[in-house]
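> So the sequences go chain by chain: A and B. Going by the numbering used here, the first residue of the first sequence is number 1, and it counts up by one from there. Going by the numbering used here, the first residue of the second sequence is number 1, and it counts up by one from there.
A few of these clues could be false.
Far from chain A by the CB rule (all over 12 Å, computed), these chain B residues [claimed, not checked]:
id : residue
1  : 61
2  : 75
3  : 164
4  : 169
5  : 193
6  : 221
Part of the chain A face toward chain B, derived, beta carbon under 7 Å [as the list claims (entries may be wrong)]:
id : residue
7  : 19
8  : 22
9  : 31
10 : 113
11 : 121
12 : 125
13 : 126
14 : 216
15 : 220
16 : 236
17 : 240
18 : 265
19 : 267
20 : 271
21 : 277
22 : 281
Worth flagging that the hints you see were computed from the coordinates, not collected in a lab. The beta-carbon is built from N, C-alpha and C at its ideal position, and this holds for glycine as well.
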Amino acid sequence: MGRASAPYLLILPSILFAFWIIGYPIYDMANMSVHAVNRFGKTAAFNDFANYQRLFSHQLFIGCLIRTLVWTVFVVGGTVLLSVPIALILNEKFFGRTLARIIIMLPWAVSLTMTGIVWRWSLNGQFGMVNATLSNFGLQDTPVEWLATSTTAFPILIAIGILVSIPFTVTVILGGLSSLQADVFEAAKIDGATAWQRFRYLTLPLIRPFLNIVLVLNFIYVFNSFPLIWVMTQGDPANSTDILVTWLYKLAFRYGELGIASALSIVMFAILLALTMVYAALAMRNERSTA
Amino acid sequence: MENPVRKSLLMWLFLSPLVVVILFPFAVMVSTAVKPRVEVLMYPPSWFPSEIRLQNFIDMWQATRLGPAVMNSLLVSIAATVLCLLVAIPAAYAAARMEFTGRKLFRQFLLVTQMLSPIVLVLGIFRLMAKMGFVDQLPALVLAYVAFNLAFSVWMLQAYFQTIPKELEEAATLDGASTLQRMRLIFLPLAAPAIGITAVFIFIYCWNEFVLAMTLLRSPEKSTLTLQTFSLVGGRYQVEWDHVMAATLVASVPVAAIFALLQRSLVSGLTVGAVK
Chain A
1 MGRASAPYLL ILPSILFAFW IIGYPIYDMA NMSVHAVNRF GKTAAFNDFA NYQRLFSHQL
61 FIGCLIRTLV WTVFVVGGTV LLSVPIALIL NEKFFGRTLA RIIIMLPWAV SLTMTGIVWR
121 WSLNGQFGMV NATLSNFGLQ DTPVEWLATS TTAFPILIAI GILVSIPFTV TVILGGLSSL
181 QADVFEAAKI DGATAWQRFR YLTLPLIRPF LNIVLVLNFI YVFNSFPLIW VMTQGDPANS
241 TDILVTWLYK LAFRYGELGI ASALSIVMFA ILLALTMVYA ALAMRNERST A
Chain B
1 MENPVRKSLL MWLFLSPLVV VILFPFAVMV STAVKPRVEV LMYPPSWFPS EIRLQNFIDM
61 WQATRLGPAV MNSLLVSIAA TVLCLLVAIP AAYAAARMEF TGRKLFRQFL LVTQMLSPIV
121 LVLGIFRLMA KMGFVDQLPA LVLAYVAFNL AFSVWMLQAY FQTIPKELEE AATLDGASTL
181 QRMRLIFLPL AAPAIGITAV FIFIYCWNEF VLAMTLLRSP EKSTLTLQTF SLVGGRYQVE
241 WDHVMAATLV ASVPVAAIFA LLQRSLVSGL TVGAVK
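Just chain A, same shape as in the assembly (with noise of 0.2 Å):
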């Protein structure tokens, strides 16, 4: 008896915490999804999914969805084609190659609400060392307001999006460069491949894996990403940077649209749900192939 109960002693306050502070939650937000609940969080009768209608039908939905999208393909793409070569190059060795990683690592360890305050300044229209900087070199004529502009704010997001990214990214391309055989890339050198056809035939199919899972986990916490955005623009100017996640905190803590607001996260959690399924497939498929 003590023996076969022990595993289930051991993960039990495991997954009691995750159903009493995780579970729950998307319990009580899926309830509410489906009944008309004044400002105050009092739910009352079933409502015929209106929630979910008023959603869908909100001027701000599409709009916002768009964003998100264009967002996290935008990062995670950016993201993605920027670290293989970085994690190529640091997969080298050469000179200062250690300060090189720990200088391309740091981002990761600076929360991104200081990195949105840190940049949000630097970006100043007037006092910001970025227009300061372009103008010295001579690259612009008039300072831009680089966050209070529509057609400019959202690409800078997107860019400090990708520089936030690349770190944990590099790491795992690099954990998947050092795992290579270097006989294999020997062999292929002496039969005349070049470098590009080693990269091409041989590194890019090896560490498939690693990107498959860089790509999945990425677009997850890029898709979810908050901080960044309402640190720095709060989805200003005229929603112009709104994604759903700050949208939806706009719609829950700001406007007391609790109906909207929880049907928006019962939406967002079945993506997610959706995507986690491909990783659990993915990371699956790669335990099989290195067993």
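Once you have looked at the hints, place chain B on chain A.
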């Protein structure tokens, strides 16, 4: 063979644009934090102040009430890290070492909770904490941080635990060691580095967390460091940027230093956890 000096220069040349962009905000922090206030709002701005005013840090520390915020952040982060490890270590041990029905299900369950970010659940968590009378209480943050770090911690730890040879414990059993002795004398010492690395990751997460702190805390004296620093720029007409940059510097440098010192082991640890 290639000339190593030329190769190194070339590598640094390739990396230089990124290195500049990464170091840029740190330079801005330092430059603004030591400027006299009149020069912070001077046009055009300059990198180099006329004098280096370290007094700014002392003024900032008093004016922004950063001390209590650092204390709150330390308290919450340490409590959450310890509690999370207490819950995660047994679970990871079971997942790594024991055969039981539902083990695969447990691992999948971990995966799902790992994907959830606080922002998607923040409304539900706020309501839960309100129901328990925990709003504006630091323990509310501790509980939430533990829940959101459990999956990651169990996952990392079990990946490590699997690399510790089972035979060592089996040999100890044959020598007549009790379960507790085996744990204390053999397993935990071998697992200590892994537990340490996991602890660092949990601690940094808690130290840097923003959304839950902003939602669950109300009174300024309960603020954590990220929240307190944000409140210096959020919704104000007059932002005292010299103080704000001094505060971000104080908040960022210790964590960045820990990270730089432990870089190698953190990175290899994460690779084991992420891919195993």
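> Compare the structure with each hint and give your call.
So, going through the hints one by one against the coordinates:
no.	hint	verdict
1	61	holds, 17 Å
2	75	holds, 17 Å
3	164	holds, 16 Å
4	169	holds, 14 Å
5	193	holds, 17 Å
6	221	holds, 19 Å
7	19	violated, 9 Å
8	22	holds, 5 Å
9	31	violated, 10 Å
10	113	holds, 4 Å
11	121	holds, 5 Å
12	125	violated, 10 Å
13	126	holds, 6 Å
14	216	violated, 9 Å
15	220	holds, 5 Å
16	236	violated, 12 Å
17	240	violated, 19 Å
18	265	holds, 6 Å
19	267	violated, 10 Å
20	271	violated, 9 Å
21	277	violated, 9 Å
22	281	violated, 11 Å
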